[in-house]
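Chains as they are written, first to last, in the working numbering: chain U, 1 to 139; chain C, 1 to 139; chain S, 1 to 139; chain Z, 1 to 139.
A couple of the hints might just be wrong.
For identical chains, the list gives no copy identity; a pair is met inside one copy or between any two copies.
[Stated by the list, open to error] In the DMTMM-like style, the derived pairs of lysine to aspartate or glutamate whose C-alpha atoms are separated by at most 25 Å in a straight line are:
(1) 84 - 99
(2) 105 - 62
(3) 66 - 109
(4) 6 - 109
(5) 101 - 72
(6) 101 - 125
(7) 66 - 122
(8) 115 - 8
(9) 126 - 72
(10) 10 - 55
(11) 101 - 55
(12) 66 - 129
(13) 101 - 129
(14) 66 - 55
(15) 97 - 37
(16) 97 - 129
(17) 101 - 122
(18) 84 - 129
(19) 10 - 73
(20) 6 - 73
(21) 52 - 72
Keep in mind that the hints were calculated from the coordinates and are not lab data.
What follows is the residue order along each chain.
There are 4 protein chains.
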Amino acid sequence: MGKIFKIEMKVRDYECDSQGIVNNANYLHYFENTRHEFLLYIGLSFSDAHQKGIDSVVTHAELDYKCSLRSDDVFISSLMIDRKGVKVIFHQSIFRKIDNKMCCKAKIEAVILIKGILSRGDYYDKLMEEYFLTKKIKL
Amino acid sequence: MGKIFKIEMKVRDYECDSQGIVNNANYLHYFENTRHEFLLYIGLSFSDAHQKGIDSVVTHAELDYKCSLRSDDVFISSLMIDRKGVKVIFHQSIFRKIDNKMCCKAKIEAVILIKGILSRGDYYDKLMEEYFLTKKIKL
Amino acid sequence: MGKIFKIEMKVRDYECDSQGIVNNANYLHYFENTRHEFLLYIGLSFSDAHQKGIDSVVTHAELDYKCSLRSDDVFISSLMIDRKGVKVIFHQSIFRKIDNKMCCKAKIEAVILIKGILSRGDYYDKLMEEYFLTKKIKL
Amino acid sequence: MGKIFKIEMKVRDYECDSQGIVNNANYLHYFENTRHEFLLYIGLSFSDAHQKGIDSVVTHAELDYKCSLRSDDVFISSLMIDRKGVKVIFHQSIFRKIDNKMCCKAKIEAVILIKGILSRGDYYDKLMEEYFLTKKIKL
Chain U
1 MGKIFKIEMK
11 VRDYECDSQG
21 IVNNANYLHY
31 FENTRHEFLL
41 YIGLSFSDAH
51 QKGIDSVVTH
61 AELDYKCSLR
71 SDDVFISSLM
81 IDRKGVKVIF
91 HQSIFRKIDN
101 KMCCKAKIEA
111 VILIKGILSR
121 GDYYDKLMEE
131 YFLTKKIKL
Chain C
1 MGKIFKIEMK
11 VRDYECDSQG
21 IVNNANYLHY
31 FENTRHEFLL
41 YIGLSFSDAH
51 QKGIDSVVTH
61 AELDYKCSLR
71 SDDVFISSLM
81 IDRKGVKVIF
91 HQSIFRKIDN
101 KMCCKAKIEA
111 VILIKGILSR
121 GDYYDKLMEE
131 YFLTKKIKL
Chain S
1 MGKIFKIEMK
11 VRDYECDSQG
21 IVNNANYLHY
31 FENTRHEFLL
41 YIGLSFSDAH
51 QKGIDSVVTH
61 AELDYKCSLR
71 SDDVFISSLM
81 IDRKGVKVIF
91 HQSIFRKIDN
101 KMCCKAKIEA
111 VILIKGILSR
121 GDYYDKLMEE
131 YFLTKKIKL
Chain Z
1 MGKIFKIEMK
11 VRDYECDSQG
21 IVNNANYLHY
31 FENTRHEFLL
41 YIGLSFSDAH
51 QKGIDSVVTH
61 AELDYKCSLR
71 SDDVFISSLM
81 IDRKGVKVIF
91 HQSIFRKIDN
101 KMCCKAKIEA
111 VILIKGILSR
121 GDYYDKLMEE
131 YFLTKKIKL
């Protein structure tokens with residue numbers, strides 16, 4: 001339980017805006033990419049799931065921007081997950097690699113829709129089990 | 001006090017992802033564009049300000065995704081502002097035009113840096129006055 | 001024959017990169033948006049068509065960048081179309097509104113796939129007729 | 001002379017549009033990222049250069065789209081360069097890794113501006129020498 005998933009990424013210049021820093025919206029792209037890489041790692045392809053009518057949809061996002069990423073920065077994007085009712089909660093962080101400084105921290109909540117209908121999310125439970133922060137109580 | 005600023009926008013197809021809905025990160029783009037159009041409306045260009053060393057930087061964002069925008073949707077993006085210490089708080093919402101359904105609601109906090117140094121934000125006060133939700137107490 | 005379709009758009013700050021100019025890739029977004037607005041104007045929704053298995057796919061693009069768009073610039077994006085065998089050719093231009101200066105000129109070629117199979121493109125012919133630069137010869 | 005520079009990249013889901021394929025504009029992002037990684041590899045940071053008033057600006061782009069990249073695809077992005085007067089010509093290709101299928105081929109022309117003035121491009125010559133396809137004739 002409570003395992004952390006991490007990937008390394010690097011800022012691409014087109015992700016920076018005229019202030020010379022990564023535009024605030026791109027952190028949601030980084031976080032999404034990290035979630036989808038995590039899903040692939042545990043055996044789920046986001047796009048394959050979509051083909052089968054299983055969609056994960058973000059319902060809430062909270063982001064704290066601590067330090068701006070800039071051109072050429074390499075960063076570590078980490079993820080822990082938790083469950084709260086039908087919601088899957090992703091605790092995500094981005095650290096600049098060179099000095100391990102936290103750049104952005106986020107809580108992203110998602111629900112799983114099966115053919116457009118809200119599911120209890122059991123679909124992912126087995127696969128994600130060892131990553132959950134809190135043990136899920138069997139109902 | 002408490003005036004609301006609104007603009008009309010329309011989904012562009014490239015903003016939709018493979019689920020056929022606007023990707024979650026693009027709402028931050030819509031909200032940013034609304035803030036910058038608001039600034040222009042009250043007489044401030046974000047890029048001109050940057051040239052003069054005055055930068056507004058997002059420090060916190062909270063988004064509630066209620067209903068997904070899709071291709072061809074027209075929407076109203078609205079903004080109200082407030083102050084909290086050195087922070088400017090933007091309360092922003094996106095409503096689908098056809099049925100006035102709320103699609104996304106956000107609270108975006110920003111600070112103003114002058115040549116990289118955190119400012120008290122007085123710079124914008126005069127211009128934004130009539131938009132503040134709560135009257136600023138003179139210190 | 002040979003009618004021109006035009007829309008007005010405005011640069012959004014997040015479309016500019018650290019050079020302070022609109023990133024070269026975003027012109028393809030502007031051009032795509034113009035094509036899709038054109039299709040809507042003549043009665044075709046790109047996304048509805050996709051739902052029915054009819055997809056327009058870009059096969060070739062040529063862009064001449066003449067003058068960089070910047071923050072706050074308003075521009076006119078225009079489109080003329082032509083046919084060449086199974087290909088639809090879009091001749092597109094972007095002019096800065098304030099001085100009518102050409103910023104980018106493009107030739108975009110697309111084909112139409114029906115359920116993944118290359119079509120002769122007759123689907124759009126009737127609707128687009130008055131926009132074609134050269135009269136299509138009946139085979 | 002004529003060395004090829006290559007990097008491996010992977011499609012991110014948000015780069016796919018509602019057709020389930022990578023949006024045509026994103027290939028220009030992939031190509032730009034490859035050029036900037038190449039510049040870093042030979043010792044030049046695009047953003048550092050910009051700080052010093054040296055900007056590389058794309059003036060022409062030609063893209064042939066051969067086969068669409070999709071979610072989860074890994075690809076090799078390669079680059080060769082050439083000179084033609086003041087222009088640097090980048091010959092770039094994207095191959096899907098799994099079957100080495102060419103997905104997109106491009107010719108991108110750029111010029112170098114020093115403090116906004118067109119330069120002869122000598123700045124990069126020494127560094128790029130071994131990558132030029134055709135030997136530069138000393139004038």
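Results of checking the hints against the structure:
1. Taking the shortest alpha-carbon separations for residue 84 and residue 99, neither the intra-copy value of 34 Å nor the inter-copy value of 31 Å comes in at or below 25 Å.
2. In this homomeric assembly, residue 105 and residue 62 come within 25 Å of each other (Cα to Cα) both inside a single copy, at 8 Å, and across copies, at 12 Å.
3. With identical chains, the CA atoms of residue 66 and residue 109 are at most 25 Å apart both within one copy (20 Å) and between copies (12 Å).
4. In this assembly of identical chains, the alpha carbons of residue 6 and residue 109 lie at most 25 Å apart only when taken from the same copy (18 Å versus 28 Å across copies).
5. Taking the shortest Cα distances, residue 101 and residue 72 sit within 25 Å of each other inside one copy (15 Å), while across copies they are farther apart (29 Å).
6. For a Cα distance limit of 25 Å, the shortest separation of residue 101 from residue 125 qualifies neither inside one copy, at 32 Å, nor across copies, at 33 Å.
7. Taking the closest pair of Cα atoms, residue 66 and residue 122 come within 25 Å of each other only across two copies (22 Å); inside a single copy the shortest separation is 34 Å, beyond that limit.
8. For a Cα distance limit of 25 Å, the shortest separation of residue 115 from residue 8 qualifies neither inside one copy, at 33 Å, nor across copies, at 31 Å.
9. Only between protomers do residue 126 and residue 72 lie at most 25 Å apart by alpha-carbon distance; the minimum there is 22 Å, versus 38 Å within a single protomer.
10. Proximity of residue 10 to residue 55 under the C-alpha cut-off of 25 Å is restricted to the inter-copy arrangement: shortest distance 21 Å between copies versus 27 Å within a copy.
11. With identical chains, the CA atoms of residue 101 and residue 55 are at most 25 Å apart between copies only, with a shortest distance of 22 Å across copies and 33 Å within one.
12. Taking identical chains as interchangeable, the C-alpha atoms of residue 66 and residue 129 are never at most 25 Å apart, the minima being 30 Å within one chain and 28 Å between chains.
13. When the C-alpha separation of residue 101 and residue 129 is checked against a cutoff of 25 Å, the pair qualifies neither within a copy, at 29 Å, nor between copies, at 36 Å.
14. Taking CA atoms no more than 25 Å apart as the test, residue 66 paired with residue 55 passes between copies only; the shortest distance there is 15 Å, against 31 Å inside one copy.
15. For the homomeric pair residue 97 and residue 37, the shortest alpha-carbon distances inside one copy (19 Å) and between copies (18 Å) are both at most 25 Å.
16. Taking CA atoms no more than 25 Å apart as the test, residue 97 paired with residue 129 passes in neither setting, with 28 Å inside one copy and 32 Å between copies.
17. For the identical chains of this complex, residue 101 and residue 122 are neighbours neither inside a copy (36 Å) nor across copies (30 Å), given an alpha-carbon limit of 25 Å.
18. Only within a single protomer do residue 84 and residue 129 lie at most 25 Å apart by alpha-carbon distance; the minimum there is 14 Å, versus 41 Å between protomers.
19. In this assembly of identical chains, the alpha carbons of residue 10 and residue 73 lie at most 25 Å apart whether taken from the same copy (6 Å) or from different copies (18 Å).
20. In this homomeric assembly, residue 6 and residue 73 come within 25 Å of each other (Cα to Cα) both inside a single copy, at 16 Å, and across copies, at 20 Å.
21. In the homo-oligomer, the alpha carbons of residue 52 and residue 72 lie at most 25 Å apart only across protomers (16 Å), although the nearest pairing inside one protomer, at 38 Å, exceeds that limit.
Taken one by one, the earlier hints fail for this structure at numbers 1, 6, 8, 12, 13, 16 and 17, listed in ascending order.
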